[in-house]
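**Student:** Single-letter residue listing:
There are 2 protein chains.
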Amino acid sequence: MTPHESYSTGETRGAQQMARGLCQVMGREISKGSFNTNIRQKITPSGTLQLPWSSINSVRTMAVLPWPFSSQPRDFSLPNSSWGSDMRHLYEHYNSQCEVETEEGEKKWGVWRRLPSYNRSLKYATGGVYLSKIIQSKARLFTRNIREQGAAFEYVMFVNKQEQKCVCVFQAGHLLEGPPGHVHGGAIATMIDTVTGTHATYLSGPVMTANLNINYRSPIPLGSTVLLTCSLDKKEGRKTFVSCQVTNTDGSKLHTEATGLFLSITMGHLL
Amino acid sequence: MTPHESYSTGETRGAQQMARGLCQVMGREISKGSFNTNIRQKITPSGTLQLPWSSINSVRTMAVLPWPFSSQPRDFSLPNSSWGSDMRHLYEHYNSQCEVETEEGEKKWGVWRRLPSYNRSLKYATGGVYLSKIIQSKARLFTRNIREQGAAFEYVMFVNKQEQKCVCVFQAGHLLEGPPGHVHGGAIATMIDTVTGTHATYLSGPVMTANLNINYRSPIPLGSTVLLTCSLDKKEGRKTFVSCQVTNTDGSKLHTEATGLFLSITMGHLL
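Chain order of the listed sequences is A and B. Counting in UniProt numbering, the first sequence runs from 1 upward without gaps. Counting in UniProt numbering, the second sequence runs from 1 upward without gaps.
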């Protein structure tokens with residue numbers, strides 16, 4: 001009943017407790033390891049920057065390989081055959097701005113960065129003293145726990161450091177149903193937590209979610225593609241405030257809007 | 001950045017739009033059909049009320065049958081072999097108060113009701129004009145979309161009409177990971193939406209989620225069992241305000257607390 005209390009001292013204290021031994025889930029998605037993998041993919045043995053994913057067709061060819069049997073971890077942020085035309089179009093739009101060609105014909109980073117995404121970045125996380133070895137070994141990131149392509153969360157995130165913006169293209173599969181024929185409010189909240197948390201981590205380093213305040217305006221039809229757009233509202237000490245809007249692909253219809261408060265944690269909290 | 005706007009006129013208008021053609025997901029969980037099924041299970045051909053689920057052992061026997069091949073829909077709110085001792089203990093505690101014995105030795109309803117739960121109650125929902133027949137036929141409730149018992153959301157809800165309370169016993173499986181070894185904030189939000197929405201529906205009839213405001217206080221270890229306790233804050237016209245606390249099983253530790261605002265929709269909205 002008191003959304004106004006969300007930024008109170010009590011909450012800060014609670015979130016400090018929460019930070020012990022943990023980092024915000026999204027910290028992993030843009031962790032050093034993930035970025036290294038991403039960069040490695042783009043640099044040839046000769047050291048020049050290549051664009052292996054610049055053609056969507058070549059990406060499709062890569063992505064439809066039977067990834068569960070591959071020795072390489074699957075990067076879920078790359079296109080696969082389940083992606084519809086809206087998802088592909090938006091992916092191409094932002095991906096084309098990840099690298100630009102200089103006057104000398106060389107490639108260099110653009111204003112956007114695509115963030116790779118795995119089903120578990122911290123393979124050997126201990127996760128506190130509570131967990132059995134079985135749970136640890138089988139644990140998977142909530143948004144990447146379904147193997148069937150297109151059935152659940154298909155999404156890719158891009159960050160723009162210059163403008164302190166983050167966008168996520170999200171295609172909602174048939175296993176995310178809430179109201180008949182539409183996406184579950186919890187699945188929308190999950191994507192909001194994921195994207196705002198990623199953005200906060202990108203801006204402030206490792207963080208924990210302290211508060212999410214979500215207004216549901218218009219339902220999202222199952223199977224459709226939406227755009228999540230995040231921006232930084234402000235930073236105050238350990239607090240990072242992020243806003244998020246969920247719209248249809250051309251931004252003309254607002255489905256959901258939310259704010260997130262994230263608390264920075266130090267590396268000491270992770271041990 | 002403006003959680004205070006959550007109950008504004010704009011939101012109400014948005015939620016009215018949202019209501020078109022839809023009911024809150026939880027409306028289905030306590031729909032007439034589901035309750036009828038529940039009641040049918042309890043009445044023998046001779047018409048007397050039985051307690052087929054009063055012994056947890058007999059329930060286990062039923063629940064471990066290979067349900068995907070059964071012609072009967074699986075009621076996910078019944079115990080299965082993945083439930084740990086905390087989950088079983090709390091289930092027994094509330095289930096034992098669902099029916100009581102009179103002085104004459106007859107059974108009658110107690111103060112609590114267990115709510116059955118299926119992976120899709122509205123089998124033939126049209127879900128608007130957007131959906132392809134394939135998506136419609138494959139759609140599954142988000143919280144019940146994983147077949148492997150114990151891997152994701154294991155939960156059972158009980159409502160107490162007398163006290164206008166609702167509790168949910170929730171065991172978080174290994175596929176719900178967010179921060180390493182802990183439950184994803186989106187999975188917690190999903191359960192909060194599910195339980196507060198169910199409670200609002202129980203109190204006010206079909207509703208849609210308009211706002212969720214969630215404060216994350218202390219992380220939930222993966223694999224553990226928690227209790228979600230909901231209470232009615234107030235009703236104002238079409239608005240139902242519900243509070244929710246997520247605690248450990250004995251209530252001594254607060255993990256998350258939230259408020260939910262739900263808007264009533266009429267049956268006309270469902271057509």
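Quick caveat, the hints were computed from the structure, so don't treat them as lab data. Certain hints may be false.
Coverage of chain B stretches by chain A, computed from C-beta distances (three or more under 8 Å per stretch; other residues unrestricted) [stated by the list, open to error]:
1) 74-85
2) 157-165
3) 168-176
4) 205-214
5) 243-250
Some chain B residues close to chain A (C-beta under 10 Å, calculated; not the full set) [said to hold, decoys possible]:
6) 105
7) 110
8) 111
9) 237
10) 266
Just so it is clear, the structure is predicted and the values come from calculations on it, not from any experiment. Ideal Cβ positions, reconstructed from N, Cα and C, are used throughout, including at glycine.
**Student:** A closest beta-carbon separation below 10 Å is what the hint needs, so does residue 105 of chain B meet it against chain A?
**Tutor:** Result: violated, 43 Å to nearest chain A Cβ.
**Student:** Is the interface hint for residue 266 of chain B satisfied, with its Cβ closer than 10 Å to some Cβ of chain A?
**Tutor:** violated, 15 Å
**Student:** Against chain A, run the beta carbon of residue 110 of chain B and see if the smallest gap drops under 10 Å.
**Tutor:** Violated. Min distance 29 Å.
**Student:** Quick one, is the residue 111 of chain B hint okay against chain A at 10 Å, beta carbons?
**Tutor:** With Cβ-Cβ at 25 Å, over 10 Å, it is violated.
**Student:** For the hint on residue 237 of chain B, just tell me whether its beta-carbon gets within less than 10 Å of chain A.
**Tutor:** violated, 16 Å
**Student:** Are at least 3 residues of the stretch 157-165 of chain B within less than 8 Å of chain A when you compare beta carbons?
**Tutor:** violated (count 0)
**Student:** Count the residues of the stretch 243-250 of chain B with a beta-carbon closer than 8 Å to any beta-carbon of chain A: does the count reach three?
**Tutor:** Contact hint for the stretch 243-250 of chain B vs chain A: violated, 1 residues under 8 Å.
**Student:** In terms of beta carbon proximity below 8 Å, does the stretch 168-176 of chain B have 3 or more residues touching chain A?
**Tutor:** Our answer is that it holds, as 3 residues pass the Cβ test (under 8 Å) against chain A, meeting three.
**Student:** For the stretch 205-214 of chain B, does the count of residues with a C-beta closer than 8 Å to a C-beta of chain A reach 3?
**Tutor:** holds (count 7)
**Student:** Mind checking, does the stretch 74-85 of chain B have 3 or more residues with a CB under 8 Å from chain A?
**Tutor:** It is violated: at least three residues are needed, and the stretch 74-85 of chain B offers just 0 whose Cβ sits closer than 8 Å to chain A.
Hint check: violations occur at hints 1, 2, 5, 6, 7, 8, 9, 10; the rest are consistent with the structure.
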